[in-house]
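Undergrad: All chains, full assembly: derive it from the sequences and hints.
Residue numbers (our numbering), protein chains in the order written: chain A, 1 to 259; chain B, 260 to 522.
These are computed hints drawn from the structure, not numbers from a lab.
All of these numbers come straight from a predicted model, not from anything done at the bench.
Cβ coordinates follow ideal geometry from the N, Cα and C atoms, glycine included.
Mixed in with the good hints there might be a few duds.
[Claimed, not checked] Negatives, chain A to chain B, calculated, CB over 12 Å:
{"#": "1", "residue": "Pro178"}
{"#": "2", "residue": "Arg185"}
{"#": "3", "residue": "Leu240"}
[Unchecked claim] When the alpha-carbon atoms are kept at most 30 Å apart in a straight line, the in silico BS3-like pairs for lysine-lysine are as follows:
{"#": "4", "chain 1": "B", "residue 1": "Lys400", "chain 2": "B", "residue 2": "Lys379"}
{"#": "5", "chain 1": "B", "residue 1": "Lys379", "chain 2": "A", "residue 2": "Lys249"}
{"#": "6", "chain 1": "B", "residue 1": "Lys274", "chain 2": "B", "residue 2": "Lys287"}
{"#": "7", "chain 1": "B", "residue 1": "Lys400", "chain 2": "A", "residue 2": "Lys170"}
{"#": "8", "chain 1": "B", "residue 1": "Lys376", "chain 2": "B", "residue 2": "Lys400"}
{"#": "9", "chain 1": "A", "residue 1": "Lys170", "chain 2": "B", "residue 2": "Lys274"}
{"#": "10", "chain 1": "A", "residue 1": "Lys170", "chain 2": "B", "residue 2": "Lys391"}
{"#": "11", "chain 1": "B", "residue 1": "Lys376", "chain 2": "A", "residue 2": "Lys249"}
{"#": "12", "chain 1": "A", "residue 1": "Lys43", "chain 2": "B", "residue 2": "Lys400"}
{"#": "13", "chain 1": "A", "residue 1": "Lys43", "chain 2": "A", "residue 2": "Lys170"}
{"#": "14", "chain 1": "B", "residue 1": "Lys400", "chain 2": "A", "residue 2": "Lys166"}
{"#": "15", "chain 1": "A", "residue 1": "Lys249", "chain 2": "A", "residue 2": "Lys8"}
{"#": "16", "chain 1": "A", "residue 1": "Lys249", "chain 2": "B", "residue 2": "Lys400"}
{"#": "17", "chain 1": "A", "residue 1": "Lys43", "chain 2": "A", "residue 2": "Lys54"}
{"#": "18", "chain 1": "B", "residue 1": "Lys376", "chain 2": "B", "residue 2": "Lys391"}
{"#": "19", "chain 1": "A", "residue 1": "Lys249", "chain 2": "A", "residue 2": "Lys166"}
{"#": "20", "chain 1": "A", "residue 1": "Lys249", "chain 2": "A", "residue 2": "Lys11"}
{"#": "21", "chain 1": "B", "residue 1": "Lys379", "chain 2": "A", "residue 2": "Lys170"}
{"#": "22", "chain 1": "B", "residue 1": "Lys274", "chain 2": "A", "residue 2": "Lys166"}
{"#": "23", "chain 1": "A", "residue 1": "Lys249", "chain 2": "B", "residue 2": "Lys274"}
{"#": "24", "chain 1": "B", "residue 1": "Lys391", "chain 2": "A", "residue 2": "Lys166"}
[Claimed, not checked] DEER-style ranges, computed between Cβ atoms:
{"#": "25", "chain 1": "A", "residue 1": "Glu246", "chain 2": "B", "residue 2": "Gly341", "range": "38 to 44 Å"}
{"#": "26", "chain 1": "B", "residue 1": "Glu455", "chain 2": "A", "residue 2": "Gly7", "range": "52 to 58 Å"}
{"#": "27", "chain 1": "B", "residue 1": "Arg450", "chain 2": "A", "residue 2": "Asp239", "range": "49 to 55 Å"}
{"#": "28", "chain 1": "B", "residue 1": "Ser331", "chain 2": "A", "residue 2": "Ala169", "range": "23 to 29 Å"}
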Amino acid sequence: MTLSQPGKWEKYFWPVLTAGIFLVFWHYAVIASKSNVFPGPWKVLGGAQELMRKGVLIGYIRDSLSRVGVGYGLAMLLGVPFGLTLGWYPAASQVVNPVIQMMRPISPLAWIPVAIVLFGVGNTSAVFLIFLASFFPIVVASMNGVRNVPSMYRRAGRNFGLSPGKLLAKVVFPAALPQIIVGLRIALGIAWLVVVAAEMLAVDSGLGYLVIDARNSGNRYDLVIAAMIMIGVIGLALDLIFRRLEQIKSIRWGFRLEA
Amino acid sequence: MTEEKVKTPAAKAVKTKLRATGINKTFKRDGTETSVLENVELEVAQGEFLCLLGPSGCGKSTLLNICAGFLSPTTGTVTIDGEPVTGPDPRRIFVFQERGVFPWLTVEGNIAFGLAKLSKAEQAERIAHYIKMVGLQGFEKAYPQELSGGMKQRLEVARALAVNPDMLFLDEPFGALDSITRLIMRGELLRIWEAERKTIIFVTHDIEEAVQLADRVVVMSARPATIQTIVEIDIEHPRDISSPRYLELRDGIFNEIGLAHKI
Chain A
1 MTLSQPGKWE KYFWPVLTAG IFLVFWHYAV IASKSNVFPG PWKVLGGAQE
51 LMRKGVLIGY IRDSLSRVGV GYGLAMLLGV PFGLTLGWYP AASQVVNPVI
101 QMMRPISPLA WIPVAIVLFG VGNTSAVFLI FLASFFPIVV ASMNGVRNVP
151 SMYRRAGRNF GLSPGKLLAK VVFPAALPQI IVGLRIALGI AWLVVVAAEM
201 LAVDSGLGYL VIDARNSGNR YDLVIAAMIM IGVIGLALDL IFRRLEQIKS
251 IRWGFRLEA
Chain B
260 MTEEKVKTPA AKAVKTKLRA TGINKTFKRD GTETSVLENV ELEVAQGEFL
310 CLLGPSGCGK STLLNICAGF LSPTTGTVTI DGEPVTGPDP RRIFVFQERG
360 VFPWLTVEGN IAFGLAKLSK AEQAERIAHY IKMVGLQGFE KAYPQELSGG
410 MKQRLEVARA LAVNPDMLFL DEPFGALDSI TRLIMRGELL RIWEAERKTI
460 IFVTHDIEEA VQLADRVVVM SARPATIQTI VEIDIEHPRD ISSPRYLELR
510 DGIFNEIGLA HKI
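TA: As structure tokens, this is what we get:
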């Protein structure tokens, strides 16, 4: 059997080529459109350098990341145990589930006015929004993770004489972990989307603020695009952390089709 | 064939390990009651290898789950060493059809699972002993996903044996394996059984498997399952599977189940 394996160079060559073509297209599209508002790639690079030189970019990145860190971290700390509990006690989930399922489809952005009433314009509001946005996916994934643990594993655990607490810690949690990780990964993606939106309305720092501020104060679209690219790159990096987690052997079994 | 029917382990006057009396089990589903087991009476002797044989879905797994304490019978009782069974117990380990090993633990971690009460040194000793017994040397740090089906099944047997139970319940443990691996695994299981003399109840729908392994084969009818007959396999191990006695016993069971041994 000769399945053609992509060469090592191809792993980097094709993505770089795609990015290159995109940049060339962007460059000439801006020239062709004769736009004097929309920047080409060189102007955006200049904008990014300007932000770096002034030292605002690093500060804004730090602000955005720390908001996500606090909001998402809280959601993880509260959401995982809450979801595990709901999965473990079906009666509890019957009580709480209707509320969760109703809250879930509400866009976190719809909470912005509520957040401002509760916490005023400021950091707390942004953190609260990120918390809300990531809490529900984490709870639901943890709950379903526990529910989907094959009964065989629970029975094997009981057979070896585990108390309910030990059974949860040594069997149910590790068995549900791959699904919990999926929920955490989705939630982090959402948190990163929401921080940008929250910063446009509720605070005066961060990458979201940068986007809206650069536009409002003198149509600096080179800075808008530079901020957008930073948002994309950081989002990708955050996702890569989870992809790494999924490669850990005690977790990876849950991500293969034939487990 | 009828003269071979034996109700108790002939002549071997040994202690009764497990006694099931008047077992009935009905399941309720969508308002209708289905009777799965009817009037099952069974005695298993200490150190005996007993096979429960019957068609798929006949209720033999249900009986095994009742014996192991995972299900309670609708009526009737199971006693082991004279004590009524009220739930699962580490003294009696259940080995599942397939994939009962924990995929998030290594081979070592799986075997150590039931050994938390022992000291580290004792754990290491047990792990090494049972890894050797089931032939998984060199795979101590491997995860189940890196093992073949047969190796996973051996790992599950090792995990069960490591807690030194006095009974094993095996629910079609080799059902998912290919026929060559299955034959090897039967040999391995017999070797381990002869070394450790655990009482084993082994559920299978494979007549050959039952006759190769068991001291006695309990033939169960289709649902609702009753014990149709109990056949004593009076052949010494290692068994010659082309000997006239083997073929006679095997064909007797084929007839008992109502299958002509022809295709």
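Undergrad: Now tell me if each hint is right for this structure.
TA: So, going through the hints one by one against the coordinates:
no. : hint                            : verdict
1   : Pro178                          : 9 Å, violated
2   : Arg185                          : 18 Å, holds
3   : Leu240                          : 23 Å, holds
4   : Lys400/B x Lys379/B             : 17 Å, holds
5   : Lys379/B x Lys249/A             : 23 Å, holds
6   : Lys274/B x Lys287/B             : 36 Å, violated
7   : Lys400/B x Lys170/A             : 18 Å, holds
8   : Lys376/B x Lys400/B             : 21 Å, holds
9   : Lys170/A x Lys274/B             : 37 Å, violated
10  : Lys170/A x Lys391/B             : 25 Å, holds
11  : Lys376/B x Lys249/A             : 26 Å, holds
12  : Lys43/A x Lys400/B              : 54 Å, violated
13  : Lys43/A x Lys170/A              : 55 Å, violated
14  : Lys400/B x Lys166/A             : 23 Å, holds
15  : Lys249/A x Lys8/A               : 24 Å, holds
16  : Lys249/A x Lys400/B             : 11 Å, holds
17  : Lys43/A x Lys54/A               : 17 Å, holds
18  : Lys376/B x Lys391/B             : 22 Å, holds
19  : Lys249/A x Lys166/A             : 22 Å, holds
20  : Lys249/A x Lys11/A              : 24 Å, holds
21  : Lys379/B x Lys170/A             : 18 Å, holds
22  : Lys274/B x Lys166/A             : 35 Å, violated
23  : Lys249/A x Lys274/B             : 46 Å, violated
24  : Lys391/B x Lys166/A             : 29 Å, holds
25  : Glu246/A x Gly341/B: 38 to 44 Å : 51 Å, violated
26  : Glu455/B x Gly7/A: 52 to 58 Å   : 53 Å, holds
27  : Arg450/B x Asp239/A: 49 to 55 Å : 50 Å, holds
28  : Ser331/B x Ala169/A: 23 to 29 Å : 27 Å, holds
The structure fails hints 1, 6, 9, 12, 13, 22, 23, 25 (numbered hints given earlier, in ascending order).
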